[in-house]
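Quick note, the sequences are listed as chains G and H, same order. Note that the first sequence covers residues 1147 to 1764 in the numbering used here. Note that the second sequence covers residues 1147 to 1764 in the numbering used here.
These are calculated hints, taken from the structure and not from any lab test. Some hints could be false.
Because identical chains share one entry, a pair is satisfied inside a single copy or across any pair of copies.
What the hints assert, rightly or not - No more than 27 Å apart at the CA atoms, straight line, and that leaves these computed lysine-lysine pairs for DSSO-like:
no.	residue 1	residue 2
1	K1752	K1472
2	K1301	K1239
3	K1239	K1560
4	K1755	K1685
5	K1535	K1187
6	K1580	K1301
7	K1239	K1187
8	K1560	K1535
9	K1685	K1239
10	K1288	K1535
11	K1301	K1281
12	K1472	K1535
13	K1374	K1560
14	K1301	K1288
15	K1755	K1374
16	K1281	K1374
17	K1685	K1752
18	K1374	K1752
Bear in mind the structure is a predicted one, so any value in this text is a computation, not a measurement.
2 protein chains.
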Amino acid sequence: MSRPEPQPAPSPVLSFLQRLHAECATLTEGRVADYIPELAKANPNWFGICLVTATGSVYEVGDSRQPFTIQSISKPIVYGQALEDNGRAEVLKKIGVEPTGDLFNSISLEPETGRPRNPMINAGAIATAGLIAGKTPNARIKRLLETFGNYAGRKLTLDEAVYRSESETGHRNRAIGHMLRNFNILSTDPIPVTELYFMQCSISVTCRDLAMMAATLANRGVNPITGKPAIRGEYVESVLSVMGTCGMYDYAGEWLYSVGMPAKSGVGGGIIAVLPGQLGIGVFSPPLDAHGNSVRGIRVCQELSRHFDLHLYNRPGVGRSTIRLKFTGAEFNSSRVRTAAESQVLRTAGRRIGVWQLQGNLMFSTAEVVVRDVLDHAADTDYVILDFKRVLSANDSACGLLHQLLLELSARNKTLLFIQPNRVPLLRRFLRVKLGDRLEAEFHDYDDLDVALEWCENRLLEAAAPATPVENQAADLGAFAALAGLTPEEHTTLTGRLQRRRYRSGETIINAGDPAAELFLLVRGRVSVLVELDSGARKRLATFSSGMVFGEMALIDRQPRSAMIVADTATECALLSLEDFDSFTATQPAIKIKLLQNLCLDLCHKLRKANRELNVFD
Amino acid sequence: MSRPEPQPAPSPVLSFLQRLHAECATLTEGRVADYIPELAKANPNWFGICLVTATGSVYEVGDSRQPFTIQSISKPIVYGQALEDNGRAEVLKKIGVEPTGDLFNSISLEPETGRPRNPMINAGAIATAGLIAGKTPNARIKRLLETFGNYAGRKLTLDEAVYRSESETGHRNRAIGHMLRNFNILSTDPIPVTELYFMQCSISVTCRDLAMMAATLANRGVNPITGKPAIRGEYVESVLSVMGTCGMYDYAGEWLYSVGMPAKSGVGGGIIAVLPGQLGIGVFSPPLDAHGNSVRGIRVCQELSRHFDLHLYNRPGVGRSTIRLKFTGAEFNSSRVRTAAESQVLRTAGRRIGVWQLQGNLMFSTAEVVVRDVLDHAADTDYVILDFKRVLSANDSACGLLHQLLLELSARNKTLLFIQPNRVPLLRRFLRVKLGDRLEAEFHDYDDLDVALEWCENRLLEAAAPATPVENQAADLGAFAALAGLTPEEHTTLTGRLQRRRYRSGETIINAGDPAAELFLLVRGRVSVLVELDSGARKRLATFSSGMVFGEMALIDRQPRSAMIVADTATECALLSLEDFDSFTATQPAIKIKLLQNLCLDLCHKLRKANRELNVFD
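Take the sequences, apply the hints, and build the full model.
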C-alpha cells in the first residue's frame, strides 16, 4: 500500500504567506526613517513576514532572518518588565494608560502630575525605563536583554552602531528625561535612564524574533517553542492593553477596526501583532507611512486578519465544547468485574454516579457551563466525577466556580471526585487556601477515572446490600457460575482434578506471553489484569474477586497470555489444567458441555457489557 | 439511595452577583443626569446587574427589570444597522473610527471632510442615524425598534415622555445635524434625522435587556435565548471595535486596562460590556461620574472582570483542544464484521486510515492544528477521515485551510472524507465555489463515521486481495468457522438438521424482542443488526456477510433478541433450531462440544476486538 512520498506536504499557511509576500512586495510607498543616520542605511526592499502560533507552529517568508533594531517595539516589553519589578499600582502612579492623539515623540505629560499619558509615547517609555530594577546601568540592560531573549527564544544583543547613533542624537529624549525628573516621575539622574532607553531601542532582532515575541504574549507569557516564561501571565493583559489603545500612534482606531489585534510598531520598520491565545505576527519592512508605521507591515496585518479571520472581536462561542463526554455509572463501569447480582444493582443504582469528562481551557464561560450542568443534574446524582485528564488550563475564576460547586454538593451530602486535578496545579492551591483543614476531607483526588468509578460503585453496592460477602471470604466451589449445572457426581469428578494454589499479595500469577496452561477459579482474594504502558506505568484492565473465573480466553483461542495477572490480596485459586480441560471432551463430555456453556455465557455477558460501553463513546 | 432534594442548587455565579450588588450599593457618588428634565426623575437608588452567557444562562439581581431609556447605548446598535443597510465602505466614508479625547457632545468633525471622528460621539451617531434605510421616518424607527427587539429578545417601545423632552431640548444636536448637512455627511433634511436620533435614545429598556443585547453581540449577533439573529455576524467585529476604542468617552484607555471588554455607557445610567464568544453584561445605576459613565456600573464591571478573569487579553491557548480523538483503522473498525483473514489484513493495513474527531469551533488557530497534524501524518495515511459530528462552527478561514488540505491530499492520490460536514454549512458552500465541477468527485461526505470507515476498509481489503470472494457468492457450509472440526459424518448429521430460508433485500429476519429460536448460518448475502434510536433513526450495530454466524448470543443467554436483523441483499441462511441445538447435548455430544468451542472462539475474538476498541477512548 505504501507509496514513496515525494516530499513533505506544503502547508497552506505557508503558501498563503508566500503569495501575500509577493503581492505586498509591489508596494513601494513610504520612507525609511532617517532621524538617525544608522536607520537611514536600511535597505527599503528588506521584507519579511513570520507567523507563530501559540501551539508552536512557525511560518516565515522573505527576509525573516535579517537583523534590524527593535526601536519602539521594545516599549511594551519593557513595560511588562516594569510591571513585574514594581507591581501594577506603582507603575500606574508614574505612567497613565490613556491614548493621546499626539505624535510619538511629543512630551504629553498630564498638566498637574507630570505623569506621561501612556507608556507607548517616548515620555512614558523613558519613565518606564526608570522603573527597571537593577543596581547598575549595566545590570539593568543585562536584565532587559535576558527578558527580550526569553521572549525571542534566543540570545539577543545590542546593535552598538545604532545605539551610539541614538545616544549622539537623542537630545529631545534627554529633555524629556529632565522634565520627568522635574515632576519626580523619574526619581534619579535621568541621564542613565535615557541611555537605558537608547539601548533598549537598539536591541538587534529579526522578523522571526518579533513573531516569537508576539506569540509569547499570545501564549500568556510563555515562549511556545522553548516553553520558558518571559513575563508572568497576570501582566500580559496589561501589556496588551497599552498596545491595544496606544500601540499604533494615532492610527489606533482604524487599526483595531481593520486588523483587530493589539500591536506595536517601531521606526525600524517592524510591527508585532498579537491574537491572545492564538498567535503572534511579526512583519519587517523599513519604509514608513505618515503615522510612523511600516507601510507593508500594515498591509500584511490587514490582509492576514481578513484572510484568516483573525479579528479579536470576531469570535465564536466557546462554552459548549468543554464537556467532552458525559455518562453515568449505569452506562459505563469500572474494570472491576462484578457478579451478575452486582451488575444488576449497578445497571440501576449506577445512575447516581455522574461522570463529566472535560476538555480544553477552564475559564469563567466554560466552567460556568460545567457547573450549571452538574447542578442541573444534582438531584439525580450522589457522586460527581469531573475528569481533568484532557483539561489544558484553569484560571482563578474557574477554580472559584469549582470551589463553590464543591461546597454546594458537600452541603447536600454529595461527593465530588476529581480525576487528574494536578493537570491544573492552581486548583489544589486554590482549594487549600479556601478549604484549609477541610481540604483532606473534601478534596477527592484520583489519578485514574477507573479507580474513582470503582470506589463510587463500591459505595453504591454497599448501600444496596450491606451484607454482601467481603472478598476475604472464600467462595464455595459449588457457587461458581462456571460450574453451574453440574450434577453432584460431575462436581466431585471435576473438583478432584483441580489443583489448589495460593499467592501472596502482590505476587504475579500470570506473565504476559506465558503459554495458556490453566483455567483459574478464584476461591479467595482479588486479582487484577494489568498491561504495561509505553510509559512504564501499569494500566488495569480488570479486577476479579472470589467466585469468578479468569484466564479462560487464552485457553479458548490458544494464544499466549496477553496481559499479566497479579494478586491484589492474599489469594487462593483452584486450577483446571489445559490437559484435563481437553481430555474431558473424550472422557467427560457432559462436564465439558456444561463448562463450555458456562464459558459461552460468561463471554456473552462480557461482550454485551463491552458493546454497551462502546455505545457511550458514539 | 435517592434523597428528597431541598430545592434547586443555587448557582455560584448568582451568589457572587448578589454579594457584588450589596457591596456596590454602598457607593453613593455620582450625579443623575439632568440635562433633560425627564432623566432627572430617575431614582438614584435603582441598581440592577445582569449577566447573560453566549450559551444562554441568565443571572440577574436587583432592579434588573426596571425600565429606563437606553440613551447612548443605542449608538453601537444603530451603527450595526447602518453597516447592514449600507455596507462597511459606505459607512466609513461618512463616519471615522478614531477615538477623540473630546467630550461626548462635542462636534469633532474632521476639518477637511466634515466626517465625524467616530460613531460614538453625538455627531457620529446623528450621521449614523442618517444612514438607516426606510422610506419614511416612521418606517425607520419601526425598523430600529425591530432590530433592538431582536437583540433584547422581546418587543421594545419608546418612552414617549423622554422622547418629547429630548426633542424639546435638543438644539445642540440639531445644530450638529445642520453642520453635517453643510458637509454633505447628511444628504437630506437633517431635522427628521435628529428626530430619529432622539427616538433611538428614548427606547425603553431594562438592565436585563442590556445584558441580552450584549450577549447577542458576544454570540456573533444571534440572541442566545431566542436563537434569532439581530445583526449579521460579519458586522459584529466593527460594532465592537468602535465600542472598544470610543465606547467609554475619554475613559477608554483605563477601561480597557482595568476591565478589558468593549463597552458602551449611556447617560440613563446603563452600561453594556461584551466578552466576544463568551458573555454580555448589563448594569443599570443612574448616578454618573465626571466622564458621564455610571459610577456603580464601572465598579461592577471592574469587579466582575477581576473576579471572573474576564479581561479580553487574558486568554489561554485554544489550539490544542480541537482534536477530540485520533485513531487509525488498525485500532478501531467499522461495525462490518470481518472474517479472520480480513481482520488480519486490517490490523496492519488499517493504519492507512486516519480518523480525526474534531470538537468545538474551527477557526484559523484551531484548524491550523488539525491541518498540520494531518499533513504530518500524510505519508502514512491514504484515507483521512475528519469527523465534524461535534464541531460547533467553522469560519471562512478554517474552510480555506480545509480546502487547501483537500487539494494537497488529492494531489497525492489520498482521499479526504468528511463526517457530518453539514454541521458547518459554510464548508460545502465554500468548497462549491472553490472546486466547481470537481465538487462531486472530491467532496466525500458521510453522515456516519461507521459507514465511512467501512468504505475505507473495503478499499484496503480490495487492494490487499483483489480476488476476495464477493458477497453474492454462496459460502460452502464446509467453510464455516462455526462448523470447524466436524468429521464428515458429523457434518452430514448436522447439515441434515439445518433448514434453508431465503430473504428478500430489505426483509426483516429478526425483530427486537423476538424469542431466540434459531442460530443463523449466513450462506449467501449480507445482513445488518440495527437498533432504533429515540430519534426514530436506525443505527447499525453490525453487518455480517456469507460464511458467518449470527443470532448466537440470544441462544446462549436465552434472552429475547436485543436488536432487529435485516437482509441488506437477497440473502440465504441455514438455520439450526434451538431444540436441535439443545438436544445435541444428549444425542450428539461430540458435535455439541465442537459447536460450543467454535462459538466460544468467535465470542472470544469479538470480545478482544471490543476491548481493543474501548482502549481507543481511554
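Here is what the structure says about each hint:
| no. | hint | verdict |
| --- | --- | --- |
| 1 | K1752 to K1472 | both (22 Å within a copy, 26 Å between copies) |
| 2 | K1301 to K1239 | neither (33 Å within a copy, 47 Å between copies) |
| 3 | K1239 to K1560 | neither (49 Å within a copy, 61 Å between copies) |
| 4 | K1755 to K1685 | both (20 Å within a copy, 18 Å between copies) |
| 5 | K1535 to K1187 | neither (54 Å within a copy, 56 Å between copies) |
| 6 | K1580 to K1301 | neither (42 Å within a copy, 45 Å between copies) |
| 7 | K1239 to K1187 | neither (39 Å within a copy, 38 Å between copies) |
| 8 | K1560 to K1535 | within (22 Å within a copy, 33 Å between copies) |
| 9 | K1685 to K1239 | neither (57 Å within a copy, 66 Å between copies) |
| 10 | K1288 to K1535 | neither (41 Å within a copy, 53 Å between copies) |
| 11 | K1301 to K1281 | within (22 Å within a copy, 65 Å between copies) |
| 12 | K1472 to K1535 | both (14 Å within a copy, 16 Å between copies) |
| 13 | K1374 to K1560 | neither (41 Å within a copy, 39 Å between copies) |
| 14 | K1301 to K1288 | within (11 Å within a copy, 63 Å between copies) |
| 15 | K1755 to K1374 | neither (47 Å within a copy, 43 Å between copies) |
| 16 | K1281 to K1374 | within (25 Å within a copy, 61 Å between copies) |
| 17 | K1685 to K1752 | both (19 Å within a copy, 22 Å between copies) |
| 18 | K1374 to K1752 | neither (48 Å within a copy, 48 Å between copies) |
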